[in-house]
Each structure stands twice: as C-alpha cells, then as structure tokens.
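**Q** The hints should help you fit chain B onto chain Y, whose structure is shown.
There are 2 protein chains.
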Amino acid sequence: MLSASICTIGDEILIGQIVDTNSAAITRALGSLGIRCTRMISLPDDRAEIISLLKSELSAHDIVISTGGLGPTKDDITKDALAELSGSRKYRKDEAQEQIIYNILHSRGLEVLECNLRQALVPERCEVILNRKGTAPIMVFRFPKERFGHPATLYALPGVPFEATGALPDVLEDIRTHHTLEHITHRTLMTYGLAESALAQRIAAWEDTLPADMHLAYLPNPLTGVRLRLSVYGGTQEDAERRISGQIQALKPILGQDLYSEQDDTLEAVIGRLLREKELSLSVAESCTGGEIAHLITTVSGSSDYFLGSVTSYAVAVKEKVLGVPADTIDRFGIVSAEVAAAMAEGVRRLTGSGVSLATTGWAEGEGDGHEPGGTVWVGVAGPQGTRCRKFNYKNDRKRNIERFSASALDFLRRYIIEL
Amino acid sequence: MLSASICTIGDEILIGQIVDTNSAAITRALGSLGIRCTRMISLPDDRAEIISLLKSELSAHDIVISTGGLGPTKDDITKDALAELSGSRKYRKDEAQEQIIYNILHSRGLEVLECNLRQALVPERCEVILNRKGTAPIMVFRFPKERFGHPATLYALPGVPFEATGALPDVLEDIRTHHTLEHITHRTLMTYGLAESALAQRIAAWEDTLPADMHLAYLPNPLTGVRLRLSVYGGTQEDAERRISGQIQALKPILGQDLYSEQDDTLEAVIGRLLREKELSLSVAESCTGGEIAHLITTVSGSSDYFLGSVTSYAVAVKEKVLGVPADTIDRFGIVSAEVAAAMAEGVRRLTGSGVSLATTGWAEGEGDGHEPGGTVWVGVAGPQGTRCRKFNYKNDRKRNIERFSASALDFLRRYIIEL
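Protein sequences, first through last, are from chains Y and B.
Each step along the first sequence adds one to the number in this note's numbering, with nothing skipped, and position 418 is 455.
Each step along the second sequence adds one to the number in this note's numbering, with nothing skipped, and position 86 is 123.
Here chain Y stands alone, though its shape is the one from the complex (with noise of 0.2 Å):
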C-alpha cells in the first residue's frame, strides 16, 4: 500500500491563526484510492526548515502532497525552497496558467500586476497541473528511485482550501496515472438521529455478519449525522459493487426511515429530491437559525424550482407582522414553544402560497426564559397532513447549537415529506 504525507506551510497555521482543514480534505481524497495518510505537519514560512522536511517526508513516503506557501506576495519562499530542493536551476514560464491569471485578475476587474505574472513561473523541473480557481499553479516533483530510496512524488498545492480541494480530483488523477493501485470499492450511507454508539448498536447483529475483506467505518458528523461506509480492497469493482449491494439491502430496513440517502449527500439535497418528486414548494420562517435553513436549502443548485423564500423574524414585532403569529400565543406559551413553531411555519406558508413550510425557534445561547432552557429549539412543519412540531435540545455553544438546530430541523421536515 503506498504511503503517504501532507505538510501544510505557513505560519498563519503554527500560529493558530488559522485551522488546518486541507490536511483533512486531502487524506480523505487520498483514501478514495487506498493510500494511507501516516503523517501530518505543518511547518513554518522558513526555507531550509521547508527543504530539510520536505527531504525527510519524501524519505519515509511514496507521496507527499504540500498546501501553502504560494501566494503573491514576499513572505512566501516555498517555491523557492522547491527550486532547491529539486534541483532546478531556473524557473520556465507556465503559459497556460499565466492565461487562468490574466482570466480571473481580468474577471474580477484588477489589475495584473507583476507580484501576480510570477505565479505562472515554476522550477524548471517540475511538472505543472493547472490550478483552474486560483492564480498558483500546482507543482509536480518526481523524484528516481535513486534520490530518497524509492521513486517519491511531491505534489505542491496552494494553501486556500478552495483552491486546494479543487486540484484534489486533478492530483488523485495525476497518482492513478503513475502508479498501480490495488481497487477500493467505497459506498456511504447516510444516516440521520442516532448517535454513533446507538447505531453501532442497532446495526451490531448486521455488522456482525459482514465478511472478513468488507470494512465498515462509523463517520460521524452532527450536521450530517453519522456516515457509514462500506469498503471492499481488492477483486473486481463489479463484484464487489454487487456484494456491498447485497449487504445494503440487508442493512435497510433495520435502520428505516434513520437512512437518508445511499449516497454522500446532504439532507438539503435529500429534501430537494423529494420536493421535485413530489411536486412540491417549500418556505421558511426562521427565528434562532437566522437564515441557515435557507442558506442551506439555496446551496442546492436548482432549489429555486422549489424553494419560494423565508422569512427570519428575529425580532418578536415580525413574527407578529410578517407571519402573522398571535400576540397572544407568543404571551401564554413563550417565544419558544410548540406554538409559536406551527404558527410561523402556518404564517410562512400561507404569505408565500408554499406546499409545505419549516419554522424554528429556540435559544441559541443563554438561560432561556424558564419556559425553555438554552440549547432548546422547537421545530415546526406546516403542510397537507397538517402542522407537527418536534422539540430539540443540544448542550454546544451559539454556533454549534445553530448548525444543530438546522440540520434536525431539516430532517424533522424530510420525514414529513416522506409520508405525503
């Protein structure tokens, strides 16, 4: 199995200044293929630092993939360090990407100036892939065998995770061309409203059964809720497509309805297939979310054929106006409550003519205001079979409880749809 090593460059990282999500993005890429991620490092804007750990990375690893250290301006030395490190002794002139940088300087309305035209220049040694969203090309080393032992590839990527995750399937490509890889054979499930050890759990007798060559790994996210993905090293994809299939529909219906998709998805995506299916508008009235449910909806590319609009009514006088809730519900059950939920996601729905609506409100911080405690968001969902709410409680901080919220709120308002 190939091995390999992701070095992020910059101080801004070392610094804390920023997370280090490429390192995360780029071994996952690379488990798509079957080679292992071993290390992780991140090291400083300093030359001979980025040389001496560079040759002691592409010692230990088939592959090491760089983000960072190539931007415009001075305080960058990587490429630098790369000319070094290669051998190279002059810089060539990349013509292709020099015209992606006069494309997006031009579309974006700058200037090209000269720090940006440097960009295109790399290490003579070095093969270039296009950075088709950023302006720094990425930089192929191939090493011989007779340099650090065994043949060793450096791919060097831009640190903007955009740009870098956006080279990823050009890179993954670049590896599959110049080394034999043993086949994976990946499929994710997703599931929403169990917690990893409950589902484990639930799923343990079905687990239990699985042959000794197919993996099964637990991917949690509480936005997403908990991934699962089957995998099968070796033999030929359609075999072993054709035996993950036969355990995916043993799997089923033992988790029913807490599967959301067979495929990596989202629950947005999820929600706007059903809408289309079943032929169906949405709105939203939104309180302590403030627009992340409808953030999230519009990220779907083609949600405006379903999604009509929302309101957030953050202060009470909109709720009232806009939506239409009743002074009086508000008085008597609290601002937070089943109540106040259906009334908005009643209120939504009727101002915007919409086949079904979701509505929260909750508290995203603080004490509450002794109805409900912090961390409480009621979920409301107004349509055809009539208005359900749900309650949610989560213990994180304002942020986090907002993500939460949404994403329940969502999967209260797809198995809603499911039942029309």
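Incorrect hints may appear among the rest.
Copies of the same chain look alike in the list, so a pair counts if it fits in one copy or across any two.
[To be verified] In the SDA-like style, the derived pairs of lysine to any residue whose C-alpha atoms are separated by at most 25 Å in a straight line are: (1) K432 <-> E49; (2) K170 <-> F199; (3) K358 <-> S318; (4) K358 <-> L218; (5) K289 <-> T336; (6) K130 <-> A232; (7) K170 <-> Y255; (8) K92 <-> T336.
Hints were generated in silico from the structure; no laboratory data involved.
**A** Only chain B this time, still in chain Y's reference frame:
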C-alpha cells in the same frame, strides 16, 4: 525564545474523520506566553511511532504538547508509550483524578467500569495536572538536560477538544512557573476590498520602512478580506505595543475605509458594533444569497439587539407580494438589477421599520438572463442617506459565489453605515 511542538495522536485525524482544532487552540495559548510553535505533527496510534516521534520532537524543542490517545478504549496505547519514553517501570494511581472520574460518571448516571478507573493510573515518572472536565489526567514529564541536550518538558493532554482546551490554563501556569519567558506581541488588522497583491502594492512603501525585528504577514481569506499581522518578538510588551501602534498609525491613512478593524474580526461583528454605536436597527432582503447574510449577522452574540429580521425572496412572487417590488420594475430592468436591489432594500426596511436595510439580487451560477451574466450580484442599501446600489462579479462555483456575494454585501453596508 522557547520553542514548542504540538503532536496530535490518533488515526481519526490521519484518515480525515475529524479536523484537528486542538493544535490551533494550543498554539494560540502558547503564543500568548511568547512561546513559538515551530511544528505541528499528527501521528497514528502506533506505539513505536509515538515513542520515536516524541523523542525527536523533544530533542528539537523545549516544550512538546501532545493531545489524544488517552481514552478508555483499547486502541489507546499512548500512555504505555509515555511510560517507556520516560523510563517508568510502574504505574501509580492518582487519587484526586480517580475521585473526579467517579464524580463525572456518577453525574452522567453512568456505571464506573474498570477501564474508566484505569485512567487514573499514570507512569510513575510523571506529575499530574488534574483534568476537571474529563476522566484522563494531564501528564507532565520533565526531562533533564542530559536526556535531550536541553531541559525538555512533555505535556500529554487528552484529545477531546473541550478537555484539551479546558486544561490549557493549568498547563500555561505550569510553564510560567518553570520558565523565564520572552514576550511576543501580535497585532492584527482586517482589510476588505483589496486583493492580496493590490494590498501589497498599496502598502509597499510603508512595508519597506518596517524595522527588521517587525514581521508583517498577509493572510488572505475571500470571506473576511486580507488580514495583516504585525509581530514583534522579544523586548517588553509595552515597548513592542507602542512601536506597533506607531506603525499602524502610519498605515491607517494609506488603507482608509478598506481597513475595517484593528483586531481579529469579522465584517458582521464590525457592523454590529457600528449599528449599536449609531443606534440603528437592521433588516435584510436576500435573493441569491438565500439566507447566508442573515445567518452571518446572527452568528454574532447579541445580534438580536439590532437585527430585526430578513426576508429571503427566492420566488418572484415573494419579491412582489412580501417586499412590494413592483412587477413593472422587474420586467423593465431584469430581476438582477440596481432597481430591483433598491426596491428590495426599501421594501424590507418598510416592512420591518428598520433604520437601515441591505438587499441582494444576483445569479449565483449559470449564464444569467441577458441583462447580467452569471456570477453577478446587485447589492442595495437603504437608510437615512437614501438608497445606494453596487454591482459585484465573481467567477466561482455556486456555493463560493454565495459566500463572496454575502461578504461583499456586508462590506458595502459597512461603508454606508460609517458615513452616517
């Protein structure tokens, strides 16, 4: 200056199942003492690998902080590795931590298992800092000069972020007690509206005059703009802060309104402060940004003091009916136009009675409609100084365009409010 290395132990990071947030929190804490973290490493749950890497990190650094690998389940082998590394032949029980284990499990209504009590056992050659938030104690190993060529200390923290960060104050206190510390002073400035390269060019003359011991770093982020960080290592804090302040005073007129904060900040937080200062309330009408702007505004704690609410008018009918945008305006100028952005901003301001309002209408993806191409957003702000509009254009994917539209809209609002 003392140097530190942070080592995270655990397969879950190396396979990308979780993102390492502990390292950023730890290095920020160390930075506050003027201790410079020069390496972060993630290593697998492998006894030999743990011992070998900790040895090499202890040889190269004064302080090594490890997190992870200390849970009650059997895949955790870190403690055993630490016993060998420290030459401990026996384990001893830490009575105070054992008491905490009992208290924590009882308070959660859980049975105290043998594997839980084993967590109170530590290698004999370590000192214990109590973990009050979890069951695994913090272990401190002090190595004499003879062992690694200099005095070195290893702090082994649990991996759960809540416990690791919870232990930091006690770890810092221990470091302060055992070392004489040099001071490090950072100041961060937030800019928006200039690309990194244009910013570098604008401030090049100022940057050239910086003294040699003052370091400037550019940290670009499309959603918060380019962050500038000025650092001084050594000297007294008072002197360093005075000198940095002097430089910032010289820089401010060069940056003008493109500088939005003199601390690590977000546009939405700055807008919140400006609104409080000027005693203005805010409402938002979103089309293409789909709730993201309201979401960003409400991630700020206390935003309910000035944020009244928002309408996401995805469907044309919602624009007309809820926001009162005249059908004729849409027909004449197109849905993505200055006129519609203005009418949306004025409509939501009227609907909610807010002091100022912000509106967006754009194409997050696709080809546009002949009036404006995909990637275009029109932003409108309405308030006491009348209504103003501006167009922005980006060429990213749907999700990224939504984020950039939102950031640009917030910045446009900020500039409007400043001038009130």
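**Q** Which of the listed hints are not met by the structure?
**A** 4, 5, 8
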